[in-house]
Structure formats: C-alpha cells, structure tokens
Amino acid sequence: EAQVTQNPRYLITVTGKKLTVTCSQNMNHEYMSWYRQDPGLGLRQIYYSMNVEVTDKGDVPEGYKVSRKEKRNFPLILESPSPNQTSLYFCASRLTVDTEAFFGQGTRLTVV
Amino acid sequence: GESVGLHLPTLSVQEGDNSIINCAYSNSASDYFIWYKQESGKGPQFIIDIRSNMDKRQGQRVTVLLNKTVKHLSLQIAATQPGDSAVYFCAVPQTGANNLFFGTGTRLTVIP
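As they're listed, the protein sequences go chains A and B.
Take any residue in the first sequence, note its place counting from 1, add 102, and you have its number in this note's numbering.
Take any residue in the second sequence, note its place counting from 1, add 423, and you have its number in this note's numbering.
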C-alpha cells in the first residue's frame with residue numbers, strides 16, 4: 103500500500119530537549135515536505151526536499167532542520183524545541199511539483 | 424505573494440443534499456488545483472484535481488469547477504453523506520517551487 107508514515111503520532115516534550123520526527127514514503131517520490139497545521143492558519147510549509155541531499159526552506163523554517171540522506175526518508179529535527187512549536191505536523195511526498203501530495207497521519211507535538 | 428482563500432469556514436447541509444465549497448486563488452499563472460479532505464485525527468487526503476486547460480472535472484460524487492477568469496474554483500459533493508463530514512481544503516502549487524498553498528479550510532457538517 104502506498105503510504106507516508108510518520109512517527110511518533112503524539113509527543114510531549116520539554117523546552118530545549120532535542121527531538122526528531124521521522125517520515126518515510128514507499129512511493130519512490132522525489133519531492134517531500136514538512137508542514138505544520140495551526141488553528142486559523144491552515145497548513146504552512148516548513149521545509150521541502152526535491153531530491154536526495156537537496157533541501158530548502160519553506161514559509162516557516164525557523165527552529166527546524168531536515169535531512170534527506172536517502173530518497174524514502176525525510177526526518178524533521180527540532181534542536182531546541184520551544185512552546186511556540188506546539189503544533190500538528192504533517193509530512194508529505196509527491197512525484198512531481200504538479201501532482202497531488204500524499205500526507206502522513208500527522209504528529210501532534212506539545213512543548214511545555 | 425500567492426494566496427489561497429476559502430469563502431466559508433463552516434458549512435452545514437442535510438444528508439442527501441448537495442454541498443458546494445468555494446475557493447479563490449490569487450495567481451493567474453496557477454495551472455493546477457487540488458482538493459483535499461481532512462477527517463478528524465487524520466492527514467489531508469486527496470479528493471480530486473483539475474488542470475487549467477479544463478473548467479470541469481468529475482469524480483465519484485464530486486465535481487470540481489474552475490473559473491480562471493475570476494480565479495475561483497469550487498467543489499461540489501452530490502448526495503452528501505455523514506461520512507463526508509470533514510474539513511475541505513483547496514491547494515494550489517506555488518509556481519516553480521515545491522510548495523502547496525492551502526486555504527484555511529471549510530468544515531462541512533452533514534446533518535442526518
């Protein structure tokens with residue numbers, strides 16, 4: 103089954119404690135992205151990758167890092183999480199820039 | 424910059440009626456449009472897409488209409504069912520980049 107898998111689904115952490123949210127896709131897509139979803143603000147892109155070792159900032163990249171060492175995986179790293187990064191995060195992948203994106207199930211992160 | 428907006432944040436319809444959800448976009452160069460459905464606790468799920476060389480496309484119980492003159496698209500759901508209750512987003516790829524601009528969503532509630 104074609105899918106995007108994120109882990110964990112839920113995470114509560116403390117300010118400043120580094121964390122990683124993993125994302126993996128099995129569709130051999132080149133394009134992968136991370137979004138955060140906040141009430142009233144919709145989905146906003148954090149970072150994206152157009153291929154292995156090629157990443158770039160989205161609309162809200164501050165406080166986040168990503169890596170793309172292999173095509174299927176695109177982890178999101180928060181080196182020093184802060185409460186304003188409490189949000190619902192989605193990983194997405196797509197074949198090309200003008201095809202639909204497939205989303206993971208989401209990771210609800212709470213930073214206290 | 425580019426933007427996408429949905430006309431109504433909420434919409435309630437009786438089961439069996441037709442639903443119409445509207446969306447406006449700002450960039451006249453946009454040539455691909457996507458509708459997503461997001462159920463509670465899940466990631467956005469692709470419903471239907473349309474390219475700018477078409478003004479109408481039909482799927483199973485859903486129809487998307489595109490009016491490029493006024494930069495407006497709509498999603499029509501026929502014979503709305505309780506399982507259609509969700510938040511619906513239109514999304515427009517950013518021209519020349521791996522980013523999807525999402526509207527803030529319309530929450531559709533189906534009344535049994």
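I should point out that these hints are in silico values taken from the structure, not numbers from a laboratory.
The structure presented is a predicted model; accordingly, all values stated were derived computationally and were not measured.
Please note that a few of the clues may not be correct.
[Unchecked claim] Now the in silico label distances, taken between C-beta atoms and shown as ranges:
| # | chain 1 | residue 1 | chain 2 | residue 2 | range |
| --- | --- | --- | --- | --- | --- |
| 1 | A | Thr115 | B | Arg484 | 26 to 32 Å |
| 2 | A | Thr188 | B | Pro432 | 21 to 27 Å |
| 3 | A | Lys120 | B | Lys465 | 40 to 46 Å |
| 4 | A | Ser169 | B | Asp440 | 47 to 53 Å |
| 5 | A | Asp200 | B | His495 | 44 to 50 Å |
| 6 | B | Arg480 | A | Asn128 | 37 to 43 Å |
| 7 | B | Gly506 | A | Arg210 | 19 to 25 Å |
| 8 | A | Val214 | B | Gln483 | 22 to 28 Å |
| 9 | A | Arg210 | B | Thr527 | 30 to 36 Å |
| 10 | B | Arg480 | A | Lys171 | 27 to 33 Å |
| 11 | B | Gln437 | A | Ser182 | 46 to 52 Å |
| 12 | B | Lys479 | A | Thr117 | 40 to 46 Å |
| 13 | A | Ala104 | B | Gln499 | 43 to 49 Å |
| 14 | B | Arg480 | A | Ile114 | 18 to 24 Å |
[What the hints assert, rightly or not] If the Cβ cut is set under 10 Å, some of the chain A residues that face chain B in the computed set are:
| # | residue |
| --- | --- |
| 15 | Gly142 |
| 16 | Leu145 |
| 17 | Glu172 |
| 18 | Gln207 |
| 19 | Val213 |
Every residue, glycine too, gets a C-beta built ideally from N, C-alpha and C.
With 47 to 53 Å as the target window, see if Ser169(A) and Asp440(B) comply at their CB atoms.
holds (48 Å)
Supplied distance hint 44 to 50 Å, evaluated on CB atoms of Asp200(A) and His495(B):
With Cβ atoms ~20 Å apart, the hint is violated.
Taking 46 to 52 Å as the hint, is the beta-carbon distance of Gln437(B) and Ser182(A) inside that range?
holds (50 Å)
Range agreement (Cβ of Arg484(B) with Cβ of Thr115(A), hint 26 to 32 Å):
Given range 26 to 32 Å: violated, Cβ gap about 42 Å.
Grab the minimum C-beta distance from Val213(A) to chain B and call the hint holds if it beats 10 Å, violated otherwise.
violated (20 Å)
Can you tell me whether the CB distance of Arg480(B) to Lys171(A) sits inside 27 to 33 Å?
Violated - the Cβ-Cβ distance for Arg480(B) and Lys171(A), about 38 Å, lies outside 27 to 33 Å.
Given the hint of 40 to 46 Å, check if Lys479(B) and Thr117(A) actually sit that far apart at their C-beta atoms.
violated (51 Å)
Has the hinted range 30 to 36 Å been met by the Cβ atoms of Arg210(A) and Thr527(B)?
violated (19 Å)
Pairwise beta carbon distance, Ala104(A) to Gln499(B), judged against the given window 43 to 49 Å:
violated (27 Å)
Assuming the hint says 18 to 24 Å, is it satisfied by the Cβ distance from Arg480(B) to Ile114(A) or not?
violated (43 Å)
Close enough to count: is the Cβ of Gln207(A) nearer than 10 Å to one in chain B?
Interface hint status for Gln207(A): holds (5 Å vs cutoff 10 Å).
Measuring from beta carbon to beta carbon, are Val214(A) and Gln483(B) in 22 to 28 Å?
violated (44 Å)
The earlier numbered hints that this structure contradicts are 1, 3, 5, 6, 8, 9, 10, 12, 13, 14, 17, 19.
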